[in-house]
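Enquirer: Here is what each chain is made of, one letter per residue.
2 protein chains.
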Amino acid sequence: MARKGTSTGDGKRHTTIREVAERAGVSVATVSRILSGTYPAAPATRAKVMRAVEELDYVANHHARALQGTTRKSIAIIVNSVISPHYAHVAQGVQTQAAEDARLCQIGTTGGDAERELAMVQFMREQHPEAVILVGNVNADDEYRARMSRYAHALAAIGSRLVLCGRPPLGPDAPAVVVEYDNTGGAFAATGHLLSNGHRRILYLGRRPGYTTADARIEGYRGALAAYGVPHDPGLEADGTFERFEGYRMMQERLAAGAPDFTAVFAANDQIAAGARQALLERGLTVPGDVSLVGFDDLPPAADIDLTTVYQPHEELGRTAVRLALEHARNGGPPPHTVLGAHLVIRGSVRPVVPA
Amino acid sequence: MARKGTSTGDGKRHTTIREVAERAGVSVATVSRILSGTYPAAPATRAKVMRAVEELDYVANHHARALQGTTRKSIAIIVNSVISPHYAHVAQGVQTQAAEDARLCQIGTTGGDAERELAMVQFMREQHPEAVILVGNVNADDEYRARMSRYAHALAAIGSRLVLCGRPPLGPDAPAVVVEYDNTGGAFAATGHLLSNGHRRILYLGRRPGYTTADARIEGYRGALAAYGVPHDPGLEADGTFERFEGYRMMQERLAAGAPDFTAVFAANDQIAAGARQALLERGLTVPGDVSLVGFDDLPPAADIDLTTVYQPHEELGRTAVRLALEHARNGGPPPHTVLGAHLVIRGSVRPVVPA
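Protein chains in written order, with full-length UniProt numbering: chain G, 1 to 356; chain P, 1 to 356.
Hints in this document: simulated from the structure, not taken from any laboratory.
Heads up, a few of these hints could be off.
To be verified - Coverage of chain G stretches by chain P, computed from C-beta distances (three or more under 8 Å per stretch; other residues unrestricted):
#1 74-86
#2 178-189
#3 209-219
#4 300-307
To be verified - Simulated restraints on C-beta separations:
#5 G/Gly112 with P/Pro234: 45 to 55 Å
#6 G/Pro336 with P/His128: 50 to 60 Å
#7 P/Ala44 with G/Pro172: 15 to 25 Å
#8 G/Val353 with P/Asp290: 47 to 57 Å
#9 G/Glu126 with P/Gly341: 37 to 47 Å
#10 P/Pro169 with G/Ala42: 24 to 34 Å
#11 P/Ala140 with G/Pro172: 54 to 64 Å
#12 P/Gly284 with G/His128: 35 to 45 Å
To be verified - If we take Cβ atoms under 8 Å as the criterion, some of the chain P residues that face chain G in the derived model are:
#13 Arg116
#14 Ala140
#15 Asn197
#16 Arg201
These numbers come from a predicted model, not from an experiment.
All C-beta atoms in this analysis are idealised placements derived from N, C-alpha and C, irrespective of residue type, glycine included.
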């Protein structure tokens, strides 16, 4: 639909008061009087003008122009999916900080598909965000590193920047801001809590070799076993992704093999813990009566199932990503890199083992 | 940063092979040979070219151009927040359907603020999405209707369309696609289930007069009471928003007044139900031993707390929004309007009342 109008210096097009007047069949002075609201006008004339304003979107443009100076700058965040509580809470933190800094925040999702991620980065790049934040667990292979390096350079070329959130740094050749949290430390604390309570056979649910988050957490699990002098049994590590139905599947398969050969479970996240708990309850086993259980995240449903877990600062992760990106935009220099802490939250899902 | 390049017909700028050659200090033919991957090249030359390609973002542009025909079209969805499981699941449905229809999906959040919503609609409109989907509970006052009408006209003016998802229609003057679900029918079924189990004193948590979703649900609650011939007691309706901490607060306040004067609770959503359950447990009351509990949504943590609730098709709502929008884009005509159903999911949180 072709419409005439003025083109402003920033390349955006705004409907003019003259167009409104033409469409309503009244003078420019009449439109001006009615829009200013300070003069009386016949209801019929007023209705004609307001209708023309709506049809030509004058008010919206006008309103948006008023907002432009403060909020038209933007921050983009790209996640696999927003139904994962972890991604959703990080995105919430990004939104909150962006709002405080008078930036719009837009979220892109990829469904975990690299092609869609590339298309999304390109799409968002065209809107010149100050930063594009990529979140989460990845298989950090060579292809991944090459892709991230391309993003980093492509964004730097337009004065924007890549932020990796909950992902490891890329090395000196790729200019990316990095905000991580302490997966290994948190997993060490969770496993240590079970060991301190006398557990020696601790099932690990959610091994996924090659994936950064999964690898960092299992490293914490193994590190705690070593620190407590408990022999590492690879037979106690079950492979699976970080979803509830996977937790259910892993525990079901384990229980199908016979009575539990473990007294406690460390689930790589709360979703896995919730699924595993359901499988235990369905077999008539109780938590923590028969099996102690610890998760990772402290996100729903952790509190509702009284789960001892590791708190990680999801929203703070998103907020920090925005803060560091804007700081880097102002000051330049080498992109900042920071690691946030994680700590244990004690609830009722762990029972001490009484020595025989 | 000023860079030369070709401008394509669609207004986008692409780096050329000539620029890559200049930057790498080799011939165009050499770049072409190396990028095609079909001819051998000296490692040092190859490294120079790949470095220039990365710096100039040639690969990303090239790759994106290949994708453009299928995925550069987009759908936008705007929600208050992505940490509400309801919004997150609707957004997931939009993303899934958009991907199946080869569209990119971008999500904007507003924090429930009308100014940010306006800025977000304007921002997304500049990217010419085929549809802008607005989701969720609103206070449907005159200001709201005027704002939606402006959005609808502003989007129609660029050949896009407004989609209202889980919101009532605006009337004939505002061209919006509408996808609703049956809040009143679902609430009637939930309350009817408690009444069928002999409950007569049913506490309603989450009244919020003026808000469309809250009003539709309490209408179902009152309708079921009337259908069963149970007198309506306004003292059994508690005011609050749809969040977990609000459910906790409402139940805590109720219990602070003395022993429960109700045998069952209908919470306006599962988040409220989870918060209310926590307050009950902290007072030493059990569900369903002392108090029966029904929610609305069938989203986490419903299954984990064994909650009887109303299933509503969140992801299908998002998928339908995309389908109807694209159908309307193809066929024109009056914007479609549809209502999806909701049904009861029976779990273990309701106990029959034995007549005295």
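Enquirer: Now tell me if each hint is right for this structure.
Expert: Hints versus structure:
1. 74-86: Per the Cβ count (5), the hint holds.
2. 178-189: violated (count 0)
3. 209-219: Since three or more residues must qualify, the claim that chain P covers the stretch 209-219 of chain G is violated, with 0 doing so at under 8 Å.
4. 300-307: That given contact holds, which follows from 5 residues of the stretch 300-307 of chain G lying within Cβ reach (below 8 Å) of chain P.
5. G/Gly112 with P/Pro234: 45 to 55 Å: Between G/Gly112 and P/Pro234, where Cβ atoms are some 49 Å apart, the hint holds.
6. G/Pro336 with P/His128: 50 to 60 Å: Violated: the Cβ-Cβ distance is about 35 Å, outside 50 to 60 Å.
7. P/Ala44 with G/Pro172: 15 to 25 Å: Holds, since P/Ala44 and G/Pro172 (Cβ atoms, about 20 Å apart) stay within the stated range.
8. G/Val353 with P/Asp290: 47 to 57 Å: 33 Å, violated
9. G/Glu126 with P/Gly341: 37 to 47 Å: 40 Å, holds
10. P/Pro169 with G/Ala42: 24 to 34 Å: 31 Å, holds
11. P/Ala140 with G/Pro172: 54 to 64 Å: 55 Å, holds
12. P/Gly284 with G/His128: 35 to 45 Å: Between P/Gly284 and G/His128, where Cβ atoms are some 58 Å apart, the hint is violated.
13. Arg116: Constraint on P/Arg116 satisfied, holds at 7 Å.
14. Ala140: At about 18 Å, which exceeds the 8 Å cut-off, the nearest Cβ of chain G leaves the hint on P/Ala140 violated.
15. Asn197: This hint is violated: P/Asn197 lies away from chain G, its Cβ roughly 23 Å from the closest one there, beyond 8 Å.
16. Arg201: 25 Å, violated
Checked against the numbered hints above, the structure breaks hints 2, 3, 6, 8, 12, 14, 15 and 16 and satisfies the rest.
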